[in-house]
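Novice: Each chain, written out:
2 protein chains.
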Amino acid sequence: MALTRSELNPILTCRDVPPSRKGWEVIGVFNAGVARLKDEVVLLLRVAERPLPREADVYLTPLYNPETNEMEVCRIPREGADLSDPRVVKTPEQNYLTSISHIRVARSRDGIRFEVEAVPALEPATEYEAYGIEDPRITPLEGGFIITYSAVSSLGITVPLVYTEDFRSFERRGLIFHPDNKDVVLFPEKIGGSYYALHRPSASHYAKPDMWLAESPDLEHWGRHRHIAGVRSGMWDDTRIGASAVPIRTEHGWLELYHGADTRNRYCMGAMLFDLDEPWKLVARCGHPFMEPEANYETEGFFGNVVFSCGAFLEGETIRLYYGAADSCVAYAEVPLVDVMETLIYTEEAGKPEPERRTTG
Amino acid sequence: MALTRSELNPILTCRDVPPSRKGWEVIGVFNAGVARLKDEVVLLLRVAERPLPREADVYLTPLYNPETNEMEVCRIPREGADLSDPRVVKTPEQNYLTSISHIRVARSRDGIRFEVEAVPALEPATEYEAYGIEDPRITPLEGGFIITYSAVSSLGITVPLVYTEDFRSFERRGLIFHPDNKDVVLFPEKIGGSYYALHRPSASHYAKPDMWLAESPDLEHWGRHRHIAGVRSGMWDDTRIGASAVPIRTEHGWLELYHGADTRNRYCMGAMLFDLDEPWKLVARCGHPFMEPEANYETEGFFGNVVFSCGAFLEGETIRLYYGAADSCVAYAEVPLVDVMETLIYTEEAGKPEPERRTTG
Numbered sequence: 573m574a575l576t577r578s579e580l581n582p583i584l585t586c587r588d589v590p591p592s593r594k595g596w597e598v599i600g601v602f603n604a605g606v607a608r609l610k611d612e613v614v615l616l617l618r619v620a621e622r623p624l625p626r627e628a629d630v631y632l633t634p635l636y637n638p639e640t641n642e643m644e645v646c647r648i649p650r651e652g653a654d655l656s657d658p659r660v661v662k663t664p665e666q667n668y669l670t671s672i673s674h675i676r677v678a679r680s681r682d683g684i685r686f687e688v689e690a691v692p693a694l695e696p697a698t699e700y701e702a703y704g705i706e707d708p709r710i711t712p713l714e715g716g717f718i719i720t721y722s723a724v725s726s727l728g729i730t731v732p733l734v735y736t737e738d739f740r741s742f743e744r745r746g747l748i749f750h751p752d753n754k755d756v757v758l759f760p761e762k763i764g765g766s767y768y769a770l771h772r773p774s775a776s777h778y779a780k781p782d783m784w785l786a787e788s789p790d791l792e793h794w795g796r797h798r799h800i801a802g803v804r805s806g807m808w809d810d811t812r813i814g815a816s817a818v819p820i821r822t823e824h825g826w827l828e829l830y831h832g833a834d835t836r837n838r839y840c841m842g843a844m845l846f847d848l849d850e851p852w853k854l855v856a857r858c859g860h861p862f863m864e865p866e867a868n869y870e871t872e873g874f875f876g877n878v879v880f881s882c883g884a885f886l887e888g889e890t891i892r893l894y895y896g897a898a899d900s901c902v903a904y905a906e907v908p909l910v911d912v913m914e915t916l917i918y919t920e921e922a923g924k925p926e927p928e929r930r931t932t933g
Numbered sequence: 573m574a575l576t577r578s579e580l581n582p583i584l585t586c587r588d589v590p591p592s593r594k595g596w597e598v599i600g601v602f603n604a605g606v607a608r609l610k611d612e613v614v615l616l617l618r619v620a621e622r623p624l625p626r627e628a629d630v631y632l633t634p635l636y637n638p639e640t641n642e643m644e645v646c647r648i649p650r651e652g653a654d655l656s657d658p659r660v661v662k663t664p665e666q667n668y669l670t671s672i673s674h675i676r677v678a679r680s681r682d683g684i685r686f687e688v689e690a691v692p693a694l695e696p697a698t699e700y701e702a703y704g705i706e707d708p709r710i711t712p713l714e715g716g717f718i719i720t721y722s723a724v725s726s727l728g729i730t731v732p733l734v735y736t737e738d739f740r741s742f743e744r745r746g747l748i749f750h751p752d753n754k755d756v757v758l759f760p761e762k763i764g765g766s767y768y769a770l771h772r773p774s775a776s777h778y779a780k781p782d783m784w785l786a787e788s789p790d791l792e793h794w795g796r797h798r799h800i801a802g803v804r805s806g807m808w809d810d811t812r813i814g815a816s817a818v819p820i821r822t823e824h825g826w827l828e829l830y831h832g833a834d835t836r837n838r839y840c841m842g843a844m845l846f847d848l849d850e851p852w853k854l855v856a857r858c859g860h861p862f863m864e865p866e867a868n869y870e871t872e873g874f875f876g877n878v879v880f881s882c883g884a885f886l887e888g889e890t891i892r893l894y895y896g897a898a899d900s901c902v903a904y905a906e907v908p909l910v911d912v913m914e915t916l917i918y919t920e921e922a923g924k925p926e927p928e929r930r931t932t933g
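Just so you know, the protein sequences line up as chains B and Y, in that order.
All residue numbers for the first sequence refer to this note's numbering, where the first residue is 573 and numbers rise by one.
All residue numbers for the second sequence refer to this note's numbering, where the first residue is 573 and numbers rise by one.
Think of the hints as simulated: they come from the structure by calculation, not from any bench.
Note that the structure is predicted; figures quoted are calculated from it, not measured.
Hints are supplied without guarantee of correctness; some may be wrong.
Identical copies look the same in the list; a pair holds intra-copy or inter-copy alike.
Within a straight-line C-alpha distance of at most 20 Å, the following computed EDC-like cross-link-like pairs (lysine to aspartate or glutamate) qualify [as the list claims (entries may be wrong)]:
| # | residue 1 | residue 2 |
| --- | --- | --- |
| 1 | Lys762 | Asp847 |
| 2 | Lys853 | Glu639 |
| 3 | Lys762 | Asp790 |
| 4 | Lys924 | Glu639 |
| 5 | Lys780 | Asp911 |
| 6 | Lys853 | Asp611 |
| 7 | Lys780 | Asp629 |
Generate coordinates for the entire structure from the input sequences, incorporating the hints supplied.
Specialist: Here it is, written out as structure tokens:
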């Protein structure tokens, strides 16, 4: 596997991003969506912040108040709170996040050295975003860009759809999926007259965190939900999976780079292939992941042993992959398309393509 | 509160419904959707069945196999299984239901004495329905009928939409909500050019089982999800709420008869009022429920202390309410519209309507 991490990794860290408000600190810059806009590479960074100072007896938890349109700080006594997961403060009454995330634009000519904007591009703005907005994906579609992200609040995790053409002005188009749902990317073109989205419901009964497909006539209303790929017992992706990158059109199908986690919350990156015309048909899926947390900035950090991409694109025959490492920083890697394709095991029904077919076209 | 239970209650029990297959028994007939079709009242009954015989050491759990299109019987050793909830067999690996439900048509001239069809109208038919189909609602709309129900399987609880004009042939139109979701009713007419549905996501993180609204241009694709009513701490509806009946148009707003449960799983029926033109605005909500489990067929049964309606309609000034009692049987009650309206407490913003306005129009 000829996956190459950038020698400049991590390419973006907390030190590169000024906090959005005085008296706060940035504790993570990670899980960035990516798009190409003219001669630039644009990232939408997830920036996680928390209020200062840290106090011994009280945990300061940030919360957006939709009624006042202000950020507030909740004071939770550490005694009686469960802080075993660094991401969450659990009290008997309610769970809070230890940080609140917004979305920041970064731009680059070479795709590696980025200039980060001084102020947020998207901040919590509704009651559905009181705990923050996280893990943006960018789908290029019909000349514009569709942004989807996780909106987190005490009302659950929902998915807003936002439209932009320039990453300067943004048009909010409502919640496209009810709670709980996340990891939404759209297919970058209509298929058979419909738009399609990969999504990841987190059901509360019976179901596992699997990948689903939905269909839309207009991007704002979605239906015909179909279960398309599940977690795999005893494998590296046995606990949780979700779409990471916008599907890449290849000769043999739509290539989806997805993330999977095991019971110990170790996140790796794998590949699936969906039929070009009937994207609800899983044609092939990797055995082993094409990327695992190995570098020290991936194995150690705020939430270690995590490589989690929110965006990648194909340039020539190379996949350019942006990913969050350890919920702490943004890193970059390149991998030849052919090497990812070779991790795929075709379903019996689909059959493995002929070798000659795989090198032509 | 002049709520009157029928003297013939329960109006339908297990004895009135033949099982769908030999060697099985009907253990519950409850939670029926209702519609008026010409001079008839039509019920869609939820019929819960299980295989016989009961065995001492092994629990026989019914399951639909979508690959063979057959009902199968799972043998779960009772030892090691958690049977504390009569509805569920819990094993360390997976949860199963103790019965499987299908939907049966019953017809009546007087709305109280029903003739039950000999065979199911809708049975599990897809991978999303392997554990059964439950709790149908019927929305009369533009001359036809929209049926929504809970499809239960190891893929979660989803909501299919089915269209019929006569309750003899049925057209399936896909899953309109991803897991987990249930308690879906549509508004019986377009509002401002859109269709609207009440729904109840069961989120796995942060959120409570509250009521949401979704919007659609075509009944099959839904978006603009909005949270519209929550559970109320310390009250009779503090644990779980969901839409029960198709909203009834009144002078003061859309009257929604909903169910609520407390921490002890005691289910009652209450009322809410939504703005006629902007149905995402909650105008009023009851303090106390208009119906509580009191009759012995409501307090005792397969799952006692439950009154749970899936359908009601207004005739003149009287609400005719069909409801499941104790997850065992179907019962009927009548209540004057004015008495339900009097349970409503208007929001400060909406203000209470003038008394003279309430008796006219």
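Novice: Hints first: check each against the structure and report whether it holds.
Specialist: Now for the hints, and whether the structure bears them out:
1. Lys762 x Asp847: within (14 Å within a copy, 37 Å between copies)
2. Lys853 x Glu639: Close across copies (16 Å), not inside one copy (44 Å); limit 20 Å.
3. Lys762 x Asp790: both (10 Å within a copy, 19 Å between copies)
4. Lys924 x Glu639: neither (56 Å within a copy, 24 Å between copies)
5. Lys780 x Asp911: Neither: 29 Å inside a chain and 44 Å across chains, both beyond 20 Å.
6. Lys853 x Asp611: For lysine 853 and aspartate 611, the Cα distance exceeds 20 Å both inside one copy (35 Å) and across copies (46 Å).
7. Lys780 x Asp629: neither (37 Å within a copy, 29 Å between copies)
This entry does not satisfy hints 4, 5, 6 and 7, going by the numbered hints stated previously.
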